[in-house]
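From first to last, the protein sequence lines are chains H and X.
Here the first sequence stands for residues 524 to 1090, where the numbers follow this note's numbering.
Here the second sequence stands for residues 90 to 376, where the numbers follow this note's numbering.
Only true hints are included.
DSS-like cross-link-like pairs, simulated, lysine-lysine; straight-line CA separation at most 30 Å:
hint, chain 1, residue 1, chain 2, residue 2
1, H, K552, X, K314
2, H, K623, X, K288
3, H, K576, X, K145
4, X, K251, H, K612
5, X, K301, H, K544
6, H, K687, X, K143
7, H, K544, X, K288
8, X, K288, H, K634
9, H, K623, X, K314
10, X, K251, H, K623
11, H, K532, X, K110
12, X, K143, H, K764
13, X, K288, H, K687
14, X, K145, H, K612
15, H, K842, X, K353
16, H, K576, X, K314
What the hints contain is simulated information worked out from the structure, not anything from laboratory work.
What follows is the residue order along each chain.
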Amino acid sequence: MANFFNDNKDLHFHLHHPLMKEIIPLKEKYYRDYENYDYAPADFEDTIDSYEKVLEIIGEICAEIIAPNAESVDCEGANLENGRVTYAKGTQQNHEALTKAGVVGMAFPRKYGGLNFSMVPYVMAAELVSRADAGFANIWGLQDCGETLLEFGSEEIKDKYLPKFNEGNTAAMDLTEPDAGSDLQAVQLKAHYDENRKTWLLNGVKRFITNGDADISLVLARSEEGSKDGRGLSLFVYDKKNMAVTVRRIENKLGIKGSPTCELVFKDAPAELVGNRKLGLIKYVMSLMNGARLGVAAQSVGLAEAAYREAEKYASERKQFGQTINKFAAVYEMITRMKVKLQAIRSLLYETTRFVDMYKCLDFISNEEKLEQEQKQTQKKFNRLADIYTPLVKLISSEYANQIAYDSLQIHGGAGFMKDFPIERLYRDARITSIYEGTSQLQVVAAIRGVTTGLFLNRIRYYENLKVKPEHEYLRKILIEMTDDYQKTVEFVINTEDRELIDFHARRMVEMAGNIIMSYLLLLDAQRNDDYENSAEIFIDIVKAENIEKAHYIKIFDAKNLGKFKA
Amino acid sequence: MKKLKIVVLAKQVPDTRNVGKDAMKADGTVNRGALPAIFNPEDMNALEQALQLKDKYPDTEITILTMGPGRAADIIREGLYRGVDNGILLTDRKFAGSDTLATSYALSLAIKKIEPNLIIAGRQAIDGDTAQVGPQVAEKLNIPQITYAESISYQNNNIIVKRRLDNGIETVQSPLPVLITVGSSATICRARNAKLLMKFKHACTQSELQEKSNDYIIQQRPYLKISEWGVDDVDADDKLLGLSGSPTKVKKIENVVFTAKESKIINDNEAEINELIIELIENHTIG
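Sequences are here, hints too, so could you generate the full structure?
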């Protein structure tokens, strides 16, 4: 049977990263669930073995059910009738298969019906599902909402909602409104506490809500009357059983058609407050968004994998001028570039995920017991790294996914433009990744802090000091040069103290840092496995040239010319 | 209604669907080493039917029974990962070389010991393609049999089966006990369940246990022991087992190479038929 996990060596490789030896004992709290749950692991090997075997289940469902359904789901889309959404038939089958397999809510603690998996296998699952059907990946990925309830919800809310995920309930995060997109501080949906009914009631409209008709919805609403900014917003959880929210329309989209994007009308919808009032946007949604961004990064990597495979397959079968087209330099260069870029974003994705794992595991432990000083510092360190790596990986992986889908379609020639090959759908599906959960431009706004505070540079210097094989020394030398260039360029821009110029060059600087980071990650991968040596070499050449270009542009750019860009 | 006690018959087979160059040995026998061992596909369909009955009637008890070498314990584990209650591996050197007659004899003895009221098997295995074992077991147990099942339901102590036949669908009803064989048109089997997989992944037979290093896990959890039954456990007559109990003799095995011939589709209109006739006359096929 086809299996998207078993046919992907990269995933197995990243699952066995050395840092997992630190993450797993923390996640499993030294295997104390073993006595109480018949499916809890006994030790590290047992845990990793469970991760592999469960990913194998998901890989099989992806290859045998979700991927074969993707075309009909794209064609059929979701349907709206009497204010309620029904999924395409294939979507229903996909969701049912995953629910029956018991993998929904896989990252939740066991007492809530979860599998207590760490973030790494959870993100891998998201990648696998995305490779099969990126649109369906949203419905799967919205179990992230449970993570937010787990982190900030009361015991009552957790007991009520979390076990529902494993039973097959779906979720949505209702943030965007017609006048509050990138700027969520402008959210208007009103929440007021009704003394008679002893509940919060929500009134207003939400727009562009993925899977808006979900069983469980997290809703950002204005709870503080008269307030204007983000500090007047709170987070609520709404249970569909109340039937007080209707779907007014579903959008007709370019891609991810199986994932219904809804406009919602709330009419006195009873909801429960999550955490504290006024922290809705500034604390909880930020956490929710970080999870969602990692999700989009996984979606991008999954899509890129699918697009790469389509290109590789087509080019090895299609013959022109008497030979398969992958024999032509113009084509094999494209294919190899796709492959190394894919490996680079995957390495960055799992590096980021490990950071998230490390700080979240320690976070949960700190809820039950006091952390030791050393653990506290570790927690802080990884939290900071996760905060800057998350927008970085969202930015780069979504942009790469688009480039890879573009190139893959190009390799298909005219055939790729037709609906006859999956690449046409992949190309459309990829387009949203650099837009939702914060556009690429907004990821730069978040990631630039890694540049200006020197956090990226610190981490790069840390990679620089790790041991590499003697035959890879020359690559490390190139990367040291690139780092010096990056450092000089950043200093040059920052020293101008020109806020607008810093913003103008922000993306260039973030991407320069990202290029060096991904290069090191591939180089480090090559230390553990020779298969990555080629990729590291090729990738470093490509991004070295890119960084030179960016640095050169920054150098020759005259700040006085900024005005010429303004309309 | 009577509680259902189901036995699912399943076989581990070489995956003959993905046959490579070295799938056959020079002497014409199957090179089992070159083919991965899998759960026979139609037995998976049978398993799904049993699981669906259990979904509907949760007090249903499912035992998966397989006959084969030690490694066929994989079949039992695959059943446990999907929700069967227990499994039995019928294994003994004396079973080796059994044809369908000897196999159904051994299976029927094991079934008598389990005392189920419903037996569900796949229509046939992809290695032998005989479709004989299910019906022979029913005969040996002297119970009714329903073949080519596509779906099974249970109402008023009766089993109702939709049979997929060449000329349509037939719905039949039978009291318990009954044996049913399920064809490939039935629902494909569900995926493994993550929690069950993690619960039972260490399940093993006594023979496997001796080769394991983490046997402490199994010692602490008795439900992880898979029963192995040998000839003595089912009180079988040695003469009716293995080669001596198997009247089937393979006379000769040939390699047959299928060659596709060129084909042409003719639509039923005057012009195309005329064209065909002219062509056939011209190349002297007719006339």
